[in-house]
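Novice: Each chain, written out:
Protein chains: 2
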Amino acid sequence: MAKVTGFKTVDVRFPTSRGLDGSDAMNQDPDYSAAYLVLETDDPKLSGHGLVFTIGRGNDLQCDAIELLAGYAVGRDVDDLAKTMGDFARSLVRDSQMRWLGPEKGVTHMAAGAVLNAAWDLVSKNAGKPLWKFLADLSPEEIVDLVDFRYITDLITKDEALALLKEASANKAKNEAALLANGLPAYTTTPGWLGYTDEKMVRLAKEAVADGFTLIKLKCGVSLEDDKRRLKLAREAIGPDVRLAIDANQVWDVNEAIHWINSLGDVNLHWIEEPTNPDDVVGHAAIAKGIAPVRVATGEHAANRIIFKQMLQTKALSFLQIDATRVAGVNENIAMLLMAAKSGIPVCPHAGGVGLCEMVQHLAMFDFVAVGGENPDRVVEFVDHLHEHFVVPTNIQRARYMPPLLPGAGAEMYEQSVKDFTYPTGKEWANA
Amino acid sequence: MAKVTGFKTVDVRFPTSRGLDGSDAMNQDPDYSAAYLVLETDDPKLSGHGLVFTIGRGNDLQCDAIELLAGYAVGRDVDDLAKTMGDFARSLVRDSQMRWLGPEKGVTHMAAGAVLNAAWDLVSKNAGKPLWKFLADLSPEEIVDLVDFRYITDLITKDEALALLKEASANKAKNEAALLANGLPAYTTTPGWLGYTDEKMVRLAKEAVADGFTLIKLKCGVSLEDDKRRLKLAREAIGPDVRLAIDANQVWDVNEAIHWINSLGDVNLHWIEEPTNPDDVVGHAAIAKGIAPVRVATGEHAANRIIFKQMLQTKALSFLQIDATRVAGVNENIAMLLMAAKSGIPVCPHAGGVGLCEMVQHLAMFDFVAVGGENPDRVVEFVDHLHEHFVVPTNIQRARYMPPLLPGAGAEMYEQSVKDFTYPTGKEWANA
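So the protein sequences, as listed, match chains X and B.
Using the working numbering, you'd call the opening residue of the first sequence number 1 and step up by one each time.
Using the working numbering, you'd call the opening residue of the second sequence number 1 and step up by one each time.
Same shape as in the complex, but just chain X:
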């Protein structure tokens, strides 16, 4: 019977802007960072870890926002929390005064996500299960109780979600066995950063194919001529059968996106990701129509379930990219999984950053086992950076995410890493 006794936040930053790893058309000098939260309990062996991924400045503000909401967890009994995570999520998101600062978007909404994800880490550790398994073992009734259906009932009601989950549960055992045996397919962005030379990109793309990846993604959107040349080189490097996607990181206006993508030539693109602003549902729908048969993927910056709902209603996306730390945690991401399943759209999580792979894999695995089921288009982003700092790092085998078997939700970092990269006092910053 552990109880939450307190919390601490830490401003953790990795000086990635010193190289060009992580560079794209919009984000040219990111310092990959985590606004890191630890929920402490009266059991010295049990703590809950969550984080918000940011890219540097403002990570301190994100920590401040988490501190404003983490108090909701203090004093809660962990067993009781495990049974009431839906109510807990709603209490964080609906704080009657804090809500004004969003609503349900930006720093305060991501803070709610960090607190929720840390609480999920706590309850799944307490149950001795990895998060994906903890969620998959819940009943359909328990799962729908986790979700805030407010504002999405015109796409899916609680009853419709329940029916969907009940139908999916027939395949749970089979899907879980398949997951444990084969994992889930990953795709890689490692070759594709804009700062890389053509030679480095081609070499890394070939290595990715040799490693078994069947989808690779390149950043694009700064120069049309560069994009044409790099895509041609990449296609030659990977051959005709490996899928090739591109990511513009929101750099275009709507008509510019349509023109640019239609000018790239025939390189058989699997998707174009984030062609324009993440709030622009109508724009994404216009782009999707204007570039068919090339398809749109988006979501890493979509603020909440209401944006995703509209993207699905207007057929603005063909691949729905949830992010572990952009929205109000596991709970709101389950709403995305349900809406996508209802709409017949595959969920292909965004990852990379700091700990995003470690966290979001649980959601993709839960989706496979208990919600969306088998889907040949489901693929989870993988970027091979910073995993060494995580207590349960991703386990990629032949380009597939193998399921974590240790308890927890994935965000826990090694204490030494947290200490060394604390901004600005940790040794990695103090010595810079």
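If you are wondering where the hints come from, they were derived from the structure by calculation, not from laboratory data.
Do not rely on the hints blindly, as some may be mistaken.
Identical copies carry no separate label here, and so any pair may be met within one copy or between two of them.
[Claimed, not checked] List time: in silico SDA-like cross-link candidates among lysine to any residue, alpha-carbon distance up to 25 Å:
| no. | residue 1 | residue 2 |
| --- | --- | --- |
| 1 | K129 | E374 |
| 2 | K45 | V10 |
| 3 | K289 | T157 |
| 4 | K342 | A178 |
| 5 | K419 | L68 |
| 6 | K158 | E256 |
| 7 | K206 | R400 |
| 8 | K45 | M1 |
| 9 | K315 | R150 |
| 10 | K45 | Y72 |
| 11 | K289 | R150 |
| 12 | K45 | G128 |
| 13 | K419 | Q97 |
| 14 | K3 | P407 |
| 15 | K315 | L264 |
| 16 | K158 | N249 |
| 17 | K289 | F149 |
| 18 | K289 | K315 |
Based on these hints, arrange chain B on the given structure of chain X.
Specialist: Just chain B now, kept in the frame of chain X:
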């Protein structure tokens, strides 16, 4: 030649939750607050004032966010700033690392707005003009330079905006004379708070009509039976000719909104405001279609110009309600004025709160003089609270906003008010 030398922020909160002023279906216990910014210069007589309106908890976080961005103003020469406000706005909104925390939404975006609005206060005071006049005196070329057209060119390009402003400038002198003589029509929400008894609502509604208001607004959305009764009483109190609007403050899902509004009976509603979540463009469009001929008004929580663009593209609103402190300041609100003018939709600003009337009136007056011109549907919200704390308070004559003639942008508060209501150390809180 004044120069910005530094800044300070103050967490100012008014204990309005002790009464029921400001209560509505979503916001049941607001403490009307201002995350207040002062830009200081080396001229002791010149300072710039901006604020973000919040409703209590998190106002300290909003101050922290402002502090992260206010540094962009320090060291700037005020004369030079006056000539480069467009670039200054883009530098705040596009900070390459902070952008991740939005983008362009929530606490960080509102912080950019506070810094910009304080800078506008500074440059208009330095020019000896009220903001509305400072803006109206700019050339069409100078005005379009203020605006970030990124992501809105599918509705309006810079060239189209320029043409629109040039055409409007033919009526500038005539409109300015009309403004100085007659002001702009206000409407009042004072009678309509949910916490008020029927008797108080009816009495205040009659007083509003006697004061000359031709549009009054009631909060709604908690109980359909209550809404029917209150609307019937209000209509009887104000007679058939005064316009009557209602405001649901985001309380409904989409289908619920349509059903509720269509069940209210024939009270000849002028508009229904914020029927659902502010991010839900598709939902607002469905509601607009489902409740015609009743029309939709929204915008006080719309995060940025991209949301407004889509609302206009999908005919989701018939009245566009800008807010002085929700978006990236005067600059982004000029984008709204231009998009609304192009779309033939009247701009009817949201106000109330803390200082919102004082600030947003300048934008409505600039719109009338130099952008949208004469429009019988333009009306500016007025709530008669907290004006006594402002150095240049609103001047309402016969239910019309009379233009401020003193220099500045409206956000400056009396030092004593700031001191007394500083949270939690000011005497109004320390004694509570």
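Novice: Each of the hints needs a verdict: does it hold here or not?
Specialist: Status of each hint after checking the structure:
In this assembly of identical chains, the alpha carbons of K129 and E374 lie at most 25 Å apart only when taken from the same copy (23 Å versus 66 Å across copies). Within a single copy, K45 and V10 get their C-alpha atoms as close as 20 Å, which meets the 25 Å cut-off; across copies the closest is 41 Å, which misses it. Taking CA atoms no more than 25 Å apart as the test, K289 paired with T157 passes between copies only; the shortest distance there is 22 Å, against 28 Å inside one copy. With identical chains, the CA atoms of K342 and A178 are at most 25 Å apart within one copy only, with a shortest distance of 23 Å there and 56 Å across copies.
For the identical chains of this complex, K419 and L68 are neighbours both inside a copy (23 Å) and across copies (24 Å), given an alpha-carbon limit of 25 Å. For the homomeric pair K158 and E256, the shortest alpha-carbon distance between copies (15 Å) is at most 25 Å, but the shortest distance inside one copy (39 Å) is not. Within a single copy, K206 and R400 get their C-alpha atoms as close as 17 Å, which meets the 25 Å cut-off; across copies the closest is 70 Å, which misses it. Taking identical chains as interchangeable, the C-alpha atoms of K45 and M1 lie at most 25 Å apart only when both belong to the same chain, with a minimum of 13 Å there against 62 Å between chains.
Taking identical chains as interchangeable, the C-alpha atoms of K315 and R150 lie at most 25 Å apart whether they share a chain (21 Å) or sit on different chains (23 Å). Proximity of K45 and Y72 under a CA criterion of 25 Å is satisfied intra-copy only: 21 Å inside one chain copy versus 45 Å between copies. Taking the closest pair of Cα atoms, K289 and R150 come within 25 Å of each other only across two copies (21 Å); inside a single copy the shortest separation is 29 Å, beyond that limit. For the identical chains of this complex, K45 and G128 are intra-copy neighbours only, at 12 Å inside a copy versus 65 Å across copies, given an alpha-carbon limit of 25 Å.
In this assembly of identical chains, the alpha carbons of K419 and Q97 lie at most 25 Å apart only when taken from different copies (22 Å versus 34 Å within one copy). For the identical chains of this complex, K3 and P407 are intra-copy neighbours only, at 18 Å inside a copy versus 57 Å across copies, given an alpha-carbon limit of 25 Å. Taking the shortest Cα distances, K315 and L264 sit within 25 Å of each other inside one copy (23 Å), while across copies they are farther apart (34 Å). Taking the shortest alpha-carbon separations for K158 and N249, only the inter-copy value of 23 Å comes in at or below 25 Å, while the best intra-copy value is 33 Å.
Proximity of K289 and F149 under a CA criterion of 25 Å is satisfied inter-copy only: 23 Å between copies versus 29 Å inside one chain copy. Taking identical chains as interchangeable, the C-alpha atoms of K289 and K315 lie at most 25 Å apart whether they share a chain (9 Å) or sit on different chains (20 Å).
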